[in-house]
Amino acid sequence: MAVSIFDVIGPVMVGPSSSHTAGAAKIGSVARRVCKDKIVEVDFYLHGSFAQTYKGHGTAKALLGGILGMSPCDERIKYSYKIAEKEGMKFAFHQVDLGDVHPNTVKIVMKDDEDRKHELIGSSIGGGKILITNIDGMEMEFTAEYPTIINKHLDKPGTVAKVSSILARYDINIAFLKVFRQSRGSLASMVIETDNKVTPEILEEIQAIPTIKQIMFIDADGR
Amino acid sequence: MYQFNHAVELLNLCREYKLSIPEITLRAEAEESGRNVEEIWRLTEENFRVMEESIRKGLNPDIRSVGGLIGGNAYKLSIYGQADTLSGRKIVKAASYALAVSEVNAAMGKIVAAPTAGSSGVVPGVIISIKEEKNLKLKDAIEGLLVAAAVGKIIAVNATLSGAEGGCQAEIGSAAAMAAAAAVFMSGGKEQMCFDAASIALKGLLGLVCDPVAGLVEVPCSKRNAVAAAVALISADMTLAGISSFIPFDEVVEAMSRVGRQMSPDLRETARGGCAITPTALAFTRHIIEQSDDL
Chain Z
1 MAVSIFDVIG PVMVGPSSSH TAGAAKIGSV ARRVCKDKIV EVDFYLHGSF
51 AQTYKGHGTA KALLGGILGM SPCDERIKYS YKIAEKEGMK FAFHQVDLGD
101 VHPNTVKIVM KDDEDRKHEL IGSSIGGGKI LITNIDGMEM EFTAEYPTII
151 NKHLDKPGTV AKVSSILARY DINIAFLKVF RQSRGSLASM VIETDNKVTP
201 EILEEIQAIP TIKQIMFIDA DGR
Chain E
1001 MYQFNHAVEL LNLCREYKLS IPEITLRAEA EESGRNVEEI WRLTEENFRV
1051 MEESIRKGLN PDIRSVGGLI GGNAYKLSIY GQADTLSGRK IVKAASYALA
1101 VSEVNAAMGK IVAAPTAGSS GVVPGVIISI KEEKNLKLKD AIEGLLVAAA
1151 VGKIIAVNAT LSGAEGGCQA EIGSAAAMAA AAAVFMSGGK EQMCFDAASI
1201 ALKGLLGLVC DPVAGLVEVP CSKRNAVAAA VALISADMTL AGISSFIPFD
1251 EVVEAMSRVG RQMSPDLRET ARGGCAITPT ALAFTRHIIE QSDDL
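Residue numbers (the working numbering), protein chains in the order written: chain Z, 1 to 223; chain E, 1001 to 1295.
Keep in mind the hints are simulated off the structure, nothing from the lab. The model shown is predicted, which means the values in this text are computed figures rather than measured ones. Careful, some of the hints might be misleading.
Chain E is faced by these chain Z residues, among others (derived, beta-carbon under 10 Å) [unchecked claim]:
no. : residue
1   : Val3
2   : Val8
3   : Ile9
4   : Val12
5   : Val14
6   : Pro16
7   : Ser18
8   : His20
9   : Gly58
10  : Lys61
11  : Ala62
Heads up, incomplete: computed chain E residues facing chain Z, CB under 8 Å, no partners named [stated by the list, open to error]:
no. : residue
12  : Ser1033
13  : Ala1149
14  : Val1157
Glycine included, each C-beta is placed from N, C-alpha and C at the ideal position.
Okay, chain Z solo, but in the shape it has when bound (with noise of 0.2 Å):
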């Protein structure tokens, strides 16, 4: 992939470290965009360096700023502590060993205010770039780079074919497309990271297919 002027001059971030702060950050808040409702209690499990290393990085600051809804580059990180304490926000961090995985990865378990429980598994894969291996449950792969559409499908034929013939319809280019699955004809899910803006309209749309069981939308970081 070429490299952008931007990853060598920037990101623009709150340090001290662009895999433990950064990166944390953009995880926490992707987890926050994946539990649309307001986050009581959250649990942060700690994988490899993270666990090592990640008081003095900031890193459970920078998770939780994230979870609260701060950017890579917001300097109220530095009081994520305090302000989700002041928001009546739970948290916990655990260090614990999350099998083979990247060695900067955190599970994070939120509860919302209707007792519902989502989970999220990412990794912080270096200068301040991330990538989600898990939701829910649903193994899966995305960078949040781009505008990213998740769905959970029934397994079925022509449920991908549906879903890219609305993009298109609309001019919207997929850059990257896959399927996860967890047995044939059971549940799956599909990641689509697109190169444009995705609009309300076409997420309805998508989620009117009757073989889609759910639909989640996480838009871009940044630029």
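Take the given structure of chain Z and dock chain E to it, following the hints.
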């Protein structure tokens, strides 16, 4: 059309189109990103403003890092630099600005990774001090930043900018190369001279290990930013005096990449070697793990 992955290609493009390094860099970025040149200039200027702001904040005497190891050094050096110094006013100023940014970074303040957060002081330290000392315009500084970006991009494509992969030479070494090239450009040097300076700076820091005490981006990272700013300026001065680099830049980058691969993982950001396992560092590491619940 304007794409380049190596210094040789960039220099050829400059000759072919009779354009400067920043002009080719802008056009290459526009081609690849789909943004227009004006927008890329504006985004670069935004980043430059953040750099200026982080220097301003970092010169505050009361700044303290999260791990508590550094803070206030930029202020000390900037006050000292007002009198006659050994290394000269310009080097001391660049070094104090580099310290300022790295202290803001360690205090969880806002910085521009250039190329990384740990090495974020060198490029702004050099470019902004030269802008002030030579009374240059904003445009000249932005162009300097674009030259630095072009150099960093070539290193990113052909080697690495990550300390975990290539050691500190990949972060601080790259930052010094980027800053040296920018310094030459801002002093009116020719295209080839920018890369000669970048080569001299990177060679000067080749083999530098990444050995953060307690894994924190504080010691020795912060002061290395200041040292690298001085390396960048003296490399630029040598080039401006007519000295060239015997090894061309693209080959120095290859050498850096190879050295990085030969380096033990203990010396690549794991805090298992170098300064990180000195008795003083280990005593501090035990202390910080026990004491700091609020980190």
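Hints, one by one, checked against the model:
{"no.": "1", "hint": "Val3", "result": "holds, 5 Å"}
{"no.": "2", "hint": "Val8", "result": "holds, 4 Å"}
{"no.": "3", "hint": "Ile9", "result": "holds, 5 Å"}
{"no.": "4", "hint": "Val12", "result": "holds, 5 Å"}
{"no.": "5", "hint": "Val14", "result": "holds, 5 Å"}
{"no.": "6", "hint": "Pro16", "result": "holds, 4 Å"}
{"no.": "7", "hint": "Ser18", "result": "holds, 5 Å"}
{"no.": "8", "hint": "His20", "result": "holds, 8 Å"}
{"no.": "9", "hint": "Gly58", "result": "holds, 5 Å"}
{"no.": "10", "hint": "Lys61", "result": "holds, 7 Å"}
{"no.": "11", "hint": "Ala62", "result": "holds, 9 Å"}
{"no.": "12", "hint": "Ser1033", "result": "holds, 6 Å"}
{"no.": "13", "hint": "Ala1149", "result": "holds, 4 Å"}
{"no.": "14", "hint": "Val1157", "result": "holds, 6 Å"}
Of the numbered hints stated above, none is contradicted by the structure.
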